[in-house]
Amino acid sequence: MASSPSERRGIPAAPFVHDVQTYLSQSGLDTNAALTTLQERLQQYKLAEIKLTAQRRDLQAKVPDIKKCLAIVESLISKLGTGEETRVDFELAEGIHAQALIPETKTVCLWLGANVMLEYSCDEAEALLKKNLENANTSLQAIIEDLQFLRDQVTITEVTIARVFNWDVHQRRKKRQAAAESSS
Amino acid sequence: MQQGEGNETEVTWEDQQNINAFSRLNNKFHELEDDIKLKKEMLENLEDASNELILTDEDVVRYQLGEVFCHILKDEVEERLDALKAESEKELEQLEEEKEAVLAHMAKLKTILYGKFKDSVNLEED
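As given, the protein sequences belong to chains P and A, one line each in that order.
To convert, take the position in the first sequence, counting from 1, and add 207; that gives my numbering.
To convert, take the position in the second sequence, counting from 1, and add 1; that gives my numbering.
Simulated from the structure, these hints should not be mistaken for lab results.
Note that CB positions come from ideal geometry on N, CA and C, so glycine has one too.
Just to be clear, a hint being listed does not mean it is correct.
[Said to hold, decoys possible] Computed footprint of chain A on chain P; a stretch qualifies when at least three of its residues, placed anywhere within it, have a C-beta under 8 Å from a C-beta of chain A:
| id | stretch |
| --- | --- |
| 1 | 286 to 299 |
| 2 | 380 to 389 |
[Claimed, not checked] Taking CB as the label site, the calculated pair distances span:
| id | chain 1 | residue 1 | chain 2 | residue 2 | range |
| --- | --- | --- | --- | --- | --- |
| 3 | P | Pro310 | A | Ile37 | 27 to 33 Å |
| 4 | A | Glu53 | P | Gln306 | 17 to 23 Å |
| 5 | A | Glu80 | P | Leu254 | 19 to 25 Å |
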């Protein structure tokens with residue numbers, strides 16, 4: 208089992224409670240206050256989880272897009288030196304296609320965003336796209352690890368809530384029993 | 002992951018880590034199930050495409066690459082489809098293996114956790 212870090216990307220780790228009684232007396236909270244604090248913490252974790260999940264979804268959508276770009280660039284590269292044209296149907300508007308002939312080409316233009324398009328040689332374009340794909344995969348991996356960390360914190364907090372709650376039920380029962388015994 | 006009422010079994014850090022691991026695996030299991038479903042659909046689509054390709058009389062067919070439909074010789078498309086199919090099959094196999102491993106690990110953790118907490122702990126899906 209890996210050692211647990213105290214925080215990850217600004218997300219604090221959930222403290223593990225070894226003994227409920229000690230935890231309550233040390234933090235100076237009664238059961239209800241402790242439960243409220245823990246619930247708040249849980250909500251924060253859940254919020255962070257939602258954000259990260261959205262980020263992961265975005266990245267996961269980006270990967271196939273980059274792969275699509277790579278496929279067409281690779282196809283253009285495979286035509287290099289053959290003198291062959293590529294005949295394509297391309298979309299003019301939604302549902303309207305026209306035919307085009309792409310002569311053997313050494314360069315393609317990549318849309319870089321921010322209203323900038325740059326012409327690259329096909330090889331450079333391929334390299335850049337591959338690099339982008341790699342970066343996307345690396346960030347995706349990092350987010351997945353963050354999510355796993357977060358999941359642990361959620362689980363710890365949930366278990367702690369259950370334990371504090373159970374401890375409280377148990378204490379009440381003991382008190383009731385003690386009261387019943389002393390009155391009888 | 003709910004505890005039964007009022008049963009006071011001590012939860013150690015080790016137990017907590019086992020519960021965490023179980024929770025992670027359970028998550029992973031669901032993700033794998035989704036991935037496997039998608040991969041299977043993908044394979045079916047590729048299979049359909051291959052079958053259509055066999056039936057067609059055209060020598061040149063349109064094959065989507067990037068955002069456009071390239072006019073590509075039927076034979077070459079067949080090769081491309083076969084390569085994609087082989088890749089998808091391999092990926093599907095890997096996912097299935099991973100799923101088995103996750104399930105086995107979960108079963109092991111279940112034995113440990115149920116062994117310690119009896120019915121104070123619930124590890125089943127609702």
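Inset, instruction - Identify every previously stated hint that the structure contradicts and give their numbers, smallest first. - result: Checked against the structure, the hints that fail are numbers 2, 3, 5, while the rest are satisfied.
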